[in-house]
Amino acid sequence: MGRSPCCKETKTDVKKGPWTPEEDRKLIEYVQLHGHRSWRSLPENAGLNRCGKSCRLRWNNYLRPGIKRGQFSDEEERQIVHLHSLLGNKWSKISSFLPGRTDNEIKNHWNTRLKKKLLRMGIDPVTHDQLPSLANLNALLMQAANLQMLQNLVQLMSTPNKVPLLPEPCSGINPHLIDLLPLNSLLEELLVTSPLDPIVSSYDMPISCSDTHQMVPEGNLEGTECLQRDSVAAAPWQGLNLAEQEFSWKDILE
DNA sequence: AATGTAGTCAACCGCTGGCGG
DNA sequence: TCCGCCAGCGGTTGACTACAT
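All residue numbers for the first sequence refer to my numbering, where the first residue is 30 and numbers rise by one.
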């Protein structure tokens, strides 16, 4: 399936950019007299130094009779939003339901106005679902922060027992080696006292050594990798560089 | 008044699928 | 069935304008 050779490959001097009134006049006159059976040959026949594609676009979007210009009415906007929720970015399909409006115009209107309008109304312009409220967003952020703390802990616990503390001034704690054993219980306590979103908690976390089963999706206990103090955490937990995290031990312990 | 920034929209680019030889 | 041509489509660009600093 070969790609159509663009005008630039056949003619090097085709004009681009905005159309002049004179070009418009030539195009209108030609189409009214001969129709537009072949856009490819039209420019030459009409005496236009333009690409056939460019002529088709100009005709379809601006010169064709019956085109409605100007502000979209509330009713039109409602229709576009509704059709978009059903059809997605099928601008040509959507335009077929709005007489006089071109796909290009609808697409531009969507991208520049309607998307923002929907966002302001708390509606996701892609899925058309209600966006999470500010309060929900806050809770999600808290959960994300908790999760990140847990990740840090798990990362540390999956390395040898003794690890250096973060260098000053990240930590306000005496910067010597500490035993990570007590962190085990701290981690479990965190998991119990900080219930996570079901989506987050269904994440395949390599933690299930004791009674923290609430972290593991129901019926999925068997395959869950048990975190060993000497083992290396599974894929989602790898690649976390503690040095890049913004949490200090002080933060975690507090 | 000059400059920077954001918004708008006409036009272009490149891909896709239909069609005919 | 394969291949090339073509129109149509959706995403992107860039010129222009309005508004803010």
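One thing to keep in mind: the hints can contain errors.
In silico EDC-like pairs for lysine to aspartate or glutamate, Cα to Cα no more than 20 Å straight-line [claimed, not checked]:
(1) K97 with E73
(2) K82 with D103
(3) K82 with D153
(4) K119 with E73
(5) K122 with E73
(6) K146 with D158
(7) K82 with E58
(8) K82 with E104
(9) K82 with E106
(10) K119 with E51
(11) K119 with D158
(12) K146 with E134
(13) K136 with E73
(14) K82 with E105
(15) K144 with E134
(16) K45 with D103
(17) K44 with E73
(18) K145 with D132
(19) K55 with E73
(20) K122 with D132
(21) K144 with E106
(22) K119 with E134
(23) K122 with E106
(24) K122 with E134
(25) K119 with E105
(26) K122 with E58
(27) K136 with D153
(28) K55 with E106
(29) K97 with D158
(30) K136 with E105
(31) K44 with E105
(32) K119 with D153
(33) K144 with D132
(34) K145 with E106
(35) K122 with E104
(36) K119 with E106
(37) K146 with E104
(38) K97 with D153
(39) K145 with D158
(40) K144 with D158
Note that these hints are calculated values from the structure, not bench results.
Taking the numbered hints from earlier one at a time, note which ones the structure violates and give those numbers from smallest to largest. 1, 2, 3, 4, 5, 8, 9, 10, 13, 14, 16, 26, 28, 29, 31 and 38
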